[in-house]
Amino acid sequence: MTALLASRGRSGLRDATRAEWTKFRTVRGWRVALALAAGLLVLFSYLQAHGKHTGYCTTPSPTSCVGGHPYVPDGAGGGAVADAYELASRSLAGDGTITARITSFSGRIWAGPSNEAPSLAHTRPGLAAWSKAGLMVTSSTRQGAAYAAVMATGAHGVRFQYDYTHDAPGLAGAVSPVAARWLRLTRTGDTITGYDSSDGTTWHRIGSARLVGLPSTVRVGLFTTSPNTYGGQATRATAAFDHIALRPSGDGPSAGAAATWRATSTGIGPRDFYTALGRGGERRHGETILVTGSGDIALAVADAGPDTASDSLLFGLVVAMIVLIVVAAMFATSEYRRGLILTTLAATPRRGRVLAAKAVVIGACGFAVGAVASAVAVPFAEHVMRANGNYIYPAGPLTVMRVIAGCGLLVALSAVAVLGLGTILRRSPVAILAGVVVFILPAFTGPGVLGGPGGGGSAVRWLYTVTPAAGFSVLGLLPRSPLVSFPYTMGNGYYPLPPWAGLLVLCAYVGTALAAAMMVLRRRDA
Amino acid sequence: MSAALAAEWTKLRTLGETWWLAAGVIAVALAASAAMLATTHISPGAPGGGSDPTKLALTGLDLAQAVVAVIAVVAVTEEYATGMIRVSLAAIPRREAVLGAKALTVAGLTVAAALPAVAGCLVVGRLLLPGAGIGPGHCYPLLSIAHGATLRAAVGAVMYLALIALLSLGVGAIVRDTATATGVVLALLYLPPLLALLIADPWRRHVEQIAPMTAGLAVEATRHLGSLPDAPWAGLGILGVWGVGALVAGGVVLRVRDA
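Residue numbers (the working numbering), protein chains in the order written: chain A, 430 to 955; chain B, 77 to 335.
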């Protein structure tokens, strides 16, 4: 009996859905509108992508300008990385251990105007929080190579890091002559292990890394790098290393400060994207080697350029949403106009089911329009943007599919919400007004609209966190890293919520609208 | 003509939605301005000192204009939806007169709602701007209607809303369907500024110069007039061209087409 009821319940919804689908597809204007929405999404994505050009100049004279973007290396983990540092290294065949003590770590911070290229002419003393100096094992000094390193930092104590994203904390506190830091790195096969010590006798293991496919001969040495501060000023750091010992396992001779260490500056050429302060270098004072460097060894965040595969979608998406909102409002209210609602409710007396069927139909149409159009628009726009010389953050196929599905859901959810509003209000203009204001308007109260720096910052974050505009978070593709001190704000292209959290916020609104519509439809005379 | 006006006024004031929407214009304007200013904090050291207190206080109108647009669209499209238009045209066979009377009544209602809305926004601005870091303590004068540019902005803002009403009425007369006309007007208002955010100069500037919203809102500016897409009154004039153009087009269509 229960099973029979359940099956009738399902077939009831199926019949109601078929009825609603028939009503929907037999209105020529709505079919045209759906096609129009999809076409406009693709068209505007193309136009937006077409308007983006990147070129850059190596010197102020315009003749040295070329199309294209600076070089952004791909890291060992597959993402875009910054890999700029100064290294004094020797080659190490097979296993071995390197030990050194850092006795001082200091730096300079660019203090000139932010629109000027940083130079050493205008600086103040200081370190960035993530300035790094320490020992490194790397497969090569090519950018993006696999590595593991143990290091002292500006404000995060001693760390063991490898392959740009992995990090483990060691001793806390800053380096000073009275609080020198001993560091040690050991290679055993593919495994690199990092140790620290405050006195050179008791050693503490921080962590280890398996670098699969590490060649048998690697570069091992002392490195220094210093990233931009949170405020975006370039920095440069100098570290003093002593008690240096590179000891191959077995019975090879140990190399100290007096040995030949090859100096390499990586990632600070004119074609590299990371802004460095001055040039790096090495100096020797007896048993001490001073290494000076600027740059970063970490994930590249939006500072590599703001473009992602989803960047050209926003405007077309908003246009498609407006079209679907209009169609959804008409779908909900036109039955009242024509009195068809009486027939509909006579045929399907369970009113909740009518509304559910309508939501299924308009939701499916919205999803199809959003997903199909963005599936065309994303690769197309990406191709156009690349042809214009733009750098686009690498995004895997799964991520791209997430954006495409997210666009479909965004269009579907906004249409379903307006369907609910239209059912409650029975009037299309007010439902459309509410839909456009609630769903679309926040999309362009962006940083540019709400005034200059500092202006509207919290308002924008608030809009994209608690209003239905949070759904636009599905477009977010820029990488974040806790190892990079950077303002991850709307102004720099970061949505405050992760994609699915934003979509859930939108779902909550849609659910509320639909539930209210359900209640009103049940209680009210048609 | 006075008979046509009386008829239109009766229709407009007896439409259930009209008064709710008119109240909505004022409520939305005040609420949006207050919310905007309450969440804005200009840090004293922000470069340029570039905030425009009057324009910030009137931000709520960016939203309230959508309500004005709906009032105007509904005023004409509802007649088609209910079939009332045939009665109206039978009673007054001079179709331009019908549309003209509609334009006058809707514009009149809009001005009546816009006056308290604009005045209220300025009061909200006077109260909240100092807290947002734009007040006498930060080298900005307190918002006052005695300030010539602010007075111009306030008068211009009221005219702006009236012109938006005319534009919407014209679109409504051309499109005839409520939902479609609402969608078209809102798209016409809000999409060009969004487009302008995404494209580069010189196209950005051209879009801002000719789009109804960005051009018309130039009249709200009191500072940095040189960086506006259009001069204040010229911008309002461009919106006027849009409004009158839409109305004339609507009139022509109404005249030549079967109702």
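None of these hints come from the bench; they were simulated from the model.
What you are looking at is a predicted structure, and each value in this text was computed from that prediction instead of being measured.
Among the clues, some could well be false.
Said to hold, decoys possible - Computed spacing ranges between beta-carbons, pair by pair:
1. A:Arg454 - B:Val199: 49 to 55 Å
2. A:Ala944 - B:Arg202: 37 to 43 Å
3. B:Arg202 - A:Ser535: 40 to 46 Å
4. A:Ala540 - B:Gly224: 39 to 45 Å
5. B:Pro217 - A:Val801: 52 to 58 Å
6. B:Ala99 - A:Arg553: 40 to 46 Å
7. A:Arg691 - B:Gly302: 53 to 59 Å
Stated by the list, open to error - Listed below are several chain B residues computed to face chain A (Cβ distance under 10 Å; list not exhaustive):
8. Val150
9. Gly259
10. Val260
11. Ala263
12. Leu270
Unchecked claim - Residues from chain A shown here face chain B by an in silico Cβ test under 8 Å; the list is partial:
13. Met759
14. Tyr820
15. Val859
Just so it is clear, CB atoms sit at the ideal spot from N, CA and C, and this is done for glycine as well.
So, going through the hints one by one against the coordinates:
Separated by about 52 Å at the C-beta atoms, Arg454 of chain A and Val199 of chain B satisfy the suggested range of 49 to 55 Å. Taken as a hint, the range 37 to 43 Å holds for the pair Ala944 of chain A and Arg202 of chain B, whose Cβ atoms sit roughly 41 Å apart. For Arg202 of chain B and Ser535 of chain A, the hinted distance range of 40 to 46 Å is not satisfied, since their beta carbons lie about 51 Å from each other. Between Ala540 of chain A and Gly224 of chain B the beta carbon distance is about 42 Å. The supplied range of 39 to 45 Å therefore holds.
For Pro217 of chain B and Val801 of chain A, the hinted distance range of 52 to 58 Å is satisfied, since their beta carbons lie about 55 Å from each other. Roughly 57 Å separates the CB atoms of Ala99 of chain B and Arg553 of chain A, a value that falls outside the hinted 40 to 46 Å. Hint check: Arg691 of chain A to Gly302 of chain B, Cβ distance near 57 Å, so the stated range 53 to 59 Å holds. Here the hint on Val150 of chain B is kept, as its CB sits about 5 Å from the closest CB of chain A, short of 10 Å.
Because the smallest distance between the Cβ of Gly259 of chain B and any Cβ of chain A comes to about 4 Å, under 10 Å, the interface hint for this residue holds. Look at Val260 of chain B: its Cβ gets to within about 9 Å of chain A, closer than 10 Å, so that hint holds up. Below 10 Å, beta-carbon pairs count as interface contacts, and Ala263 of chain B has one with chain A at about 5 Å; its hint therefore holds. The criterion of a C-beta within 10 Å of any C-beta in chain A is met by Leu270 of chain B, whose closest approach is roughly 4 Å, and the hint holds.
Satisfaction of the interface hint for Met759 of chain A is found here, the shortest Cβ-Cβ separation to chain B being roughly 4 Å, below the 8 Å cut-off. Look at Tyr820 of chain A: its Cβ only gets to about 17 Å from chain B, farther than 8 Å, so that hint breaks. Checking Val859 of chain A against chain B by beta carbon gives a least distance of about 7 Å; that is within 8 Å, so the hint holds.
Hints 3, 6 and 14 from the list above are not met by this structure, while the remaining hints are.
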